[in-house]
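Visitor: Make one complex out of these two single chains by using the hints.
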Amino acid sequence: MMSTTEKAMEAFVHETGGWVAAQLEACTRCGMCAEACHFYQATGNPEYAPVWKMELLRRAYEQRFTIIGGVKATLGLDKRVTDEDLAHWSDLNYEACTVCNKCSMVCPMGIDIGSLLHGMRAGLAAAEVIPADLAAAVTKQVNEGSPLGMTDTVWDQRLEWVADEWEVEIPRDVKGATTMVVFSSIEVMKFPANVAAIAKILNKAGEKWTVSSKAREIVNFGFYEGSEEHTKLFLNRVLDGAKDLGVKRIVVTECGHAYDALRWHAANWIPEASNFDVIHITGVLGELVGSGRIKIKPGFFDNGGKITFHDACKIQRKGGHIQEPRDILKVLAPNSFTEMTPNREESVCCGGGGGVIAVKAADPVRYASFELKIDQVNAVGAKTVSMTCSNCRLQFTDSVDHFKLDWKVAGLSQMVADALEE
Amino acid sequence: MNSQAVLEFARGPFFYFALLFMLFGLAFRLFSVISLGWSRDRVSPMGSKTKGVVVTFLKAFLIWPFIPWVKNTFNRNPLIYIGGGLFHLSLFVVIILGTPHMLVWKSLIGFGWATLPLPIVDWMSAIGIIAMVILLINRRIHPVLKLISGPAEFFAWLFVFLPMLTGYMMTHHIGGSYEALYARHMITVDVLMIWIPLSRISHFVFYFFSRAIHGQEFGKRGVAV
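As they're listed, the protein sequences go chains Z and U.
Letter by letter, the first sequence follows residues 1136 to 1557 in the working numbering.
Letter by letter, the second sequence follows residues 100 to 324 in the working numbering.
Pulled out of the complex, with its shape left as it was, chain U reads as follows (with noise of 0.2 Å):
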């Protein structure tokens, strides 16, 4: 099979089939989740849980990213911080306001937006590369992350990078034909989205369920969030 084929087959019926399997993988895990049943909270609030959701999200966007130094934690451990901070802003650049990704999503939902020059993007892919290269190093080492890292964290991590960085290479023309470089990244793609729902990369579907009863413990109680 020439690279061509390989290609029209990654982002043809492979494609689809990833996303699908993505998809329903995911809605499956979420109707899992929630029909565990939720039991209603009867004890009278001294606050305002709906204020303590709205509060506790609107910190986790807009404030502690941008100050993370206020937090003790992060002065005990701020690679994990700058690590973690730069690799999620890097796919935020990367993929939403890359022109090549925003016109994948054009094709996938019909309308697109205003996207960054390809420089920004391309050094934020970088950023994002190095950022988990070092996350990994530190995976390795931290006594913490050593203890509570198997297999699953190690193919979660193997996953994300490869797109990554076969999406830098191709961008940069490294290491084959253009459609060599674009069948790898699309594979690459492909192989995540069916890892997505079988690990805990989907870690950001849950994430507004635990952020929302953070919100709602604290605000309960009232106390800050």
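Chain Z with its partners taken away, still in its complex shape (with noise of 0.2 Å):
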């Protein structure tokens, strides 16, 4: 029977390439990534320094891999992994690091961070060392299909329920269909306007698409918490209903870490994912209006007050839907939309991604780092704040509850469907 810790660190080996071994190998310590850090800049914790964080992984690949590392840790110069230390980074990966991969943009290295301390979490999951709450949330997944509760039969009233209330056609299990929508529970429990006004542009642009009964729930559990395994069980449930219906592309609506999953990891762990075009609803609305099949009332949302757009981590900088919500919002808003600063790909996260929101003990610095958006937005006075991620819209719904804010918190599809010229 393998000690906890040895389950980590088998799995940390397990995850360490030549490319995991040749960033390890490059990082000097020089704790710039610090600085790049919410959670760092909103506590100034030292211990939340991205470099701090992957401490366990390099530890175990410079022990097992290394002659030096072996050396050193034969002397007692480098500290061997300890069922303690597995907690403690437990903790400072899962409460105070949403993967935004902010880091790597400033490590003078270009070491791809994010990445590693994805490797961390692998690590940690396969020790099961992961915070309760996202442990349940993982199980419930596993067992119900989604970590929300929306099982089949919440989704099946769920789906017929915002068909009635918003009028709206949604296709369910077309075979021939072109494009498969997969929802997140966010977004069919907490947000069923964006639901409905998804399914409005799609029929308007007459889009041939279908949600799938079998592929109901685009949320990744899994991939937050880290696991392979996990994280495969639940993509292929996609894969699964998208084979079923015969479709080309499966879109994934305002999710992050879902996207960054399917779109940027599947296929280098279940091939016939390349056999799908993964695009993110972002995606799809740029094409959509770019291309002039649906048409939006230019300046629909110019008398409401300021404007801005809040990057996700994982749909922009991770994503490359970068410009396609700015050229929406400049047709929008073409007076009252603003750009905060920074933005694009060097935007700071939300705070509340890679299950951070799911994890209830990290709630204050959850809302401590949330205070530099706050700065942020209300450097350029925005009273709406955009964005194409129902898990940061989670993040800031809450939060403008918590700190009291007047912001008005969108979605880039509802946005979209309510300025459709008829």
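Hint data in this document are derived by calculation from the structure and do not stem from the laboratory.
Treat the hints with caution; some may be incorrect.
Covered, in the sense of this in silico footprint (three residues per stretch, anywhere, with C-beta under 8 Å from a C-beta of chain U), are these stretches of chain Z [unchecked claim]:
hint, stretch
1, 1196-1208
2, 1232-1244
3, 1331-1345
4, 1476-1489
Ideal placement from N, C-alpha and C gives every residue a C-beta, glycine not left out.
Guide: Below is the structure:
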């Protein structure tokens, strides 16, 4: 029977290929990554420095794969990883890291720190040293198909209700459709207007689309957790649904982590994933507006005060859909759309991603890091913050409530749907 | 043993041993890393990986070093940028553009190049030394750097610092006969060369990997790097 620490070490070692090793070797321990981290900026806690968050991965690599590391560990110059270490680094990684990868933007060596931090999570998940609430959510997704309790029946009833309430058609299980849309349970359960909005837009564009009762949840708590096994299980549910219906492309709705998993990782774990085009709804909106397949009313949002756009780490910086939201907002609000600083790929994370919002113990640091966002939004005097990620939106709506702010938090799809030309 | 004999040893057998140790050590480390294997990326790209790699190297060498203040993080911790930047610039000027060092290169690789006048090189070496001292102090007081630094970081600093200091002392004839100063400089250089493959000073080798990976990852997503 392997101990907890051994399990974690095995997973760390498993994560380590030349790709990881070369990057760990390049680190000069200059500490600059700390300055990029919103949790460090907000709290000043040196343990939140990204380089420190991946300390166990470094130790595992050096002690297992390098002669010098082995010698140092034997002489007691480098600490061995213990169970206490795992518990401590679990707190650091799941409570104070959203895997937003801003740190890689400032690393003078260009290390892709975000991927290494995901490797840290892989080790912690293998050892099952993860926050209880996150573990519960994963178990719920394994058993019920969704971490938010969106069972088959709930999904069915909610979509029916959305279709009725917003008078919009939501095609289900249509074989031969081109596009399969998979909503996140956050949208279905908490932002149903977003579901209606996306349906309205796709219908208007004449897109041959469908939802699948098999692939009903895009959220991937296995990816938050860092467990390859769970991540694949949840990805496969989506891919199986797509395979059954014979669609060409899968649209990920306003969810960041899910998009990262399905678009930028799935093909490396599950070869069949490359049979489908995976695109985020932001890309679809850009395509539809750009090609004129849908028409939006210019200046529709120009009379409600300044509007700014919050870049989501997994959809913009790590996803590539940076320009589309701006092109759309410049049509919807040519006079009142203002950029925050920093923005685009340099943007600061909302503080709720990477599963952090699901971990109760993280609340204090999550709110503290949101204060950076408050400063940025207030600096441009915006009254509406638009975004393309429901997880960011959850963090925004929760924090707006917590800090009693008078902002409107808007999903981009919903704004587009509201401004559709009849 | 007199200074002359020490010098002969330090610039003779010891130098060649250290040089070979460094080269083989680095080659071994490089091989160890590469032999861990590289899994193929099957994800279909949205932008060009090659473009990402080219752009990130160009920016890293030609743009960011000259306008660092446009980066937010610069304003949050300018000392580490300026100190680190000046230290590396100083190394480049002294080791590549200083006449005595160019002559060493010439003897090793067979050709030389134009160098900078001594006063400029001398000032740059002084700046490098000051930068190193400031960086060390910073490492001792900055909470993050304190947390992530151990004996390895201190030794790496020391073994880089000593050749800089002894080189400067040698140029200015401080602390002994020419032979003694020269011998001291050569010994510290030899020790540094041995220490490079044993420490993170070797980052200059792996830099090309991590920077290329960065360019690839952002390039394939079509995001500016």
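Visitor: Against this structure, judge whether each hint is valid.
Guide: Status of each hint after checking the structure:
With 4 residues bearing a CB less than 8 Å from a CB of chain U, the stretch 1196-1208 of chain Z meets the requirement of three and the coverage assertion stands. Remark: the stretch 1232-1244 of chain Z is confirmed as covered by chain U, as 5 of its residues place a Cβ nearer than 8 Å to a Cβ of that chain, reaching the required three. Evaluation of the coverage hint for the stretch 1331-1345 of chain Z: breached, as 0 residues show C-beta separations to chain U shorter than 8 Å, against a requirement of three. Here's how the stretch 1476-1489 of chain Z fares: 4 of its residues keep a CB closer than 8 Å to some CB of chain U, so the rule of at least three is met and the hint holds.
Consistency note: the structure conflicts with earlier hint 3 alone.
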